[in-house]
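There are 8 protein chains.
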Amino acid sequence: MGAQRRAGPRCNCCAAEGSRSGWPTGSGTRRADAAAKAAHAALDAAEKAGRKVSVAVVDRNGNTVATLRGDGAGPQSCESAERKGCTAVSWNAPTSELAVRLRKAPQLKDIPGTLFLAGGAPCRRTASPLRV
Amino acid sequence: MGAQRRAGPRCNCCAAEGSRSGWPTGSGTRRADAAAKAAHAALDAAEKAGRKVSVAVVDRNGNTVATLRGDGAGPQSCESAERKGCTAVSWNAPTSELAVRLRKAPQLKDIPGTLFLAGGAPCRRTASPLRV
Amino acid sequence: MGAQRRAGPRCNCCAAEGSRSGWPTGSGTRRADAAAKAAHAALDAAEKAGRKVSVAVVDRNGNTVATLRGDGAGPQSCESAERKGCTAVSWNAPTSELAVRLRKAPQLKDIPGTLFLAGGAPCRRTASPLRV
Amino acid sequence: MGAQRRAGPRCNCCAAEGSRSGWPTGSGTRRADAAAKAAHAALDAAEKAGRKVSVAVVDRNGNTVATLRGDGAGPQSCESAERKGCTAVSWNAPTSELAVRLRKAPQLKDIPGTLFLAGGAPCRRTASPLRV
Amino acid sequence: MGAQRRAGPRCNCCAAEGSRSGWPTGSGTRRADAAAKAAHAALDAAEKAGRKVSVAVVDRNGNTVATLRGDGAGPQSCESAERKGCTAVSWNAPTSELAVRLRKAPQLKDIPGTLFLAGGAPCRRTASPLRV
Amino acid sequence: MGAQRRAGPRCNCCAAEGSRSGWPTGSGTRRADAAAKAAHAALDAAEKAGRKVSVAVVDRNGNTVATLRGDGAGPQSCESAERKGCTAVSWNAPTSELAVRLRKAPQLKDIPGTLFLAGGAPCRRTASPLRV
Amino acid sequence: MGAQRRAGPRCNCCAAEGSRSGWPTGSGTRRADAAAKAAHAALDAAEKAGRKVSVAVVDRNGNTVATLRGDGAGPQSCESAERKGCTAVSWNAPTSELAVRLRKAPQLKDIPGTLFLAGGAPCRRTASPLRV
Amino acid sequence: MGAQRRAGPRCNCCAAEGSRSGWPTGSGTRRADAAAKAAHAALDAAEKAGRKVSVAVVDRNGNTVATLRGDGAGPQSCESAERKGCTAVSWNAPTSELAVRLRKAPQLKDIPGTLFLAGGAPCRRTASPLRV
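Protein chains in written order, with our numbering: chain W, 55 to 186; chain D, 55 to 186; chain P, 55 to 186; chain B, 55 to 186; chain F, 55 to 186; chain R, 55 to 186; chain S, 55 to 186; chain L, 55 to 186.
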């Protein structure tokens, strides 16, 4: 899952787990554990940066694995995080980069379930829980 | 809750109750009373300004506490008011100011449940029901 | 609007304003004022009965005119109140009576937007704001 | 949050955080931390019981604070968990007990956002993160 | 479209146009004309029977061709009519008969978009606009 | 209801019934009759102009009174017509004029349930069914 | 995917692909090919049995991989098929068996996205496309 | 159905079946067969072009006849494909061309259910299954 991206106050942060090659099966760790750990780390990083965010970890099919609403985060922050995660996993790129693409293809943001705002990033589950 | 903001005819007005420090607990007044009083005051102010609006008061989690559909207000005015309230409380700023931010970050308005139109404002419950 | 109906703890109460003959037009009072007053009265009555409820006042077309979330009322109480109001206005009868009809016609409750639980009642706007 | 409740295979477990007195403010712990810890504990307990579940922790307003999809849990398990949590917090009772009430008042289950299946329970945040 | 079926006060009536053999193409009449005429006839019949209903005419794919909200009909009557129409066209039988089938297969009513209440009937467009 | 407005091929036309002064009560004509007649007239006008449209007539509260899907009209044409009608009735102006206002206030189009495309117009029910 | 299950006329058939062990990765066949082939086979079997159905193949996470609307199948048949598939994959059992369980636990059918009607069955992708 | 249109990585492709003259009735082939074959051909063409897409075939009323989620296609790809199909069939033109029209009439993209992104194209069912 990606490091904390910038956003406005009470913004949200999301994380798209799962690279193109999918989760390694047969690993000793539960997927839920890795997702929870990644969500927690992202929340901590955001707090240190003075940001109040929510976090979502979605798998490569866009299904949410874990969400965590940070204290003081805005009411829409969880759903925003899930959408950012879906966006990042759909194009396998950080949403901060994808937001730039909108200049050439503004209709991309009309795809249902997406959100082209910085804060989402693809990640890969490695031996250590999730690369953050 | 904020004073009546400008809008088109049959526009709506919303109010985001709850500052960052939350509602003071243990106060002698019921929260519902404060919200109802604030909604009523906003409707009166709008009428004096010749505007037909609906009002919504949402708490800091974005949950609606009170709505009031003004006589002659448009069919979508209540839902619009709730969205303005959610927007104001998410960034802790009036929606009139937030609408300006869209110039730099137009994707903000794609966050589900938001509406970047003037008319929403954060407010704080004080000794007197709500500062209007 | 009807007096407070019974329900479980943290239940909700709704009110279907508007008899078959509709709102009297040309009255000196704003409809919104009458609805707000009725909602407030219902909340007070519920509190005296030791119940934590939300209230909704809907017009005869099923559009919500006012909602008021009581302190400590459950998360779904507002939407429930609106559905009770729609149910009461659709059959022009209290939902407590309508719930009995389900024994003979159980599919009635599958009509979208209805809720056959006691707590909703039709009311008429008279000279005094609303008969409660 | 409550201990793991029984359910079918690939069932889900939810947790309604927040008693009537609300979260104690000013505590040293972040609410998100407590919710995440509770979700994790519930997932562990379920796994030891041989169950594949998802977990949701909702606050007393019915807003979701944390979700965790267990490995192998069914596709609807997260949404079910959130609904169980809303149900438990609305009546301040375990959903296993509430399911019994349906015999007398079967329409209760038509309240939007509820699910009267065992697995949800109210809990209280104490000095130690959450009583599980 | 079928004759007016019985229902409660302020009930609704729907009509599922389109037999299994589909609309005859190349007929001199517009489909919209036939649907509008059928809706009107149903509303007249209902009024003579002292009922306040709404009417919907759906084609064999379940798409609505015409709706007509009767004066004084309940707020949900149009959506109910559309669901009855979908139900009638799905099984090619009047909903009054289909409601009886629920005794043996009660889960049929959980199919999304259906409503097993009397008032819907399949019809066939013949030389004369619609057999009513 | 207004005359047929221009639009693309297979476009739709909507009509917002109800001026600010509301429907005259006590008139000899049923509202449904007037709405059906207006819808039919709009469809005829569109056909003469070589356009395949759907028509919706909404009352001043935004509730749909009549819809009519023209032969060959696009799949989304009915819902579009209803949104245009809501838009026209909210600002009491034709949508063709309202679309121009978006240049100054582009966020207006984010109000839920609206559609700022030409084809909707407010109308008034007079002695003759509807001024078209 | 299972063989065609019984249902009413114009019923639907769904298929829940994916056993507990998941799709074998690295197989020579595309998953989409296997799903399409299975959907086609189910449609053929239904036609031979004189039934007009739609088919859906969902993966073990409940995401739809393929749908096929049979000629003459009812309007809701596709969505029904997807729900049956989600139901079958959630409990890893045919929906015909699961429908029986409702006698003991009728609230199971209130889980969002499920449908307890015969016609859904879990299946496993083997060397040959899908065991039907 | 059209050949594969260009899009971003993990994009989707949709197909709007059904020209203005509708499906030829009485043909020897089932409509479902033609749709499935067309979907398969589109998926193959996309793969050869190195694209991971989903495909949807919709009829001229906008109802989906077949969907096929390609291996590795993004989570929103199926819904996007259905929307592109609806868009193409509404204006009877490829979505790549329609996207250009947005420059003159940007509000077109606010019509519910549409998506103005390249990848959708109208097609006609001929003697051979579908012209691809």
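Read the hints as simulated data drawn from the structure, not as lab findings. Computed from a predicted structure; not experimentally measured. A couple of the hints might just be wrong.
Said to hold, decoys possible - With a cut-off of at most 16 Å between alpha-carbon atoms, the simulated EDC-like pairs for lysine to aspartate or glutamate come out as follows:
| no. | chain 1 | residue 1 | chain 2 | residue 2 |
| --- | --- | --- | --- | --- |
| 1 | P | K91 | D | D164 |
| 2 | D | K91 | P | D87 |
| 3 | L | K106 | S | D87 |
What the hints assert, rightly or not - Derived CB-CB ranges, DEER-like:
| no. | chain 1 | residue 1 | chain 2 | residue 2 | range |
| --- | --- | --- | --- | --- | --- |
| 4 | D | P166 | W | Q161 | 16 to 22 Å |
| 5 | W | K158 | R | R155 | 47 to 53 Å |
| 6 | S | D125 | B | D125 | 39 to 45 Å |
| 7 | W | Q161 | S | K158 | 25 to 31 Å |
Glycine included, each C-beta is placed from N, C-alpha and C at the ideal position.
| Indices of hints not satisfied (ascending) | 1, 5 and 7
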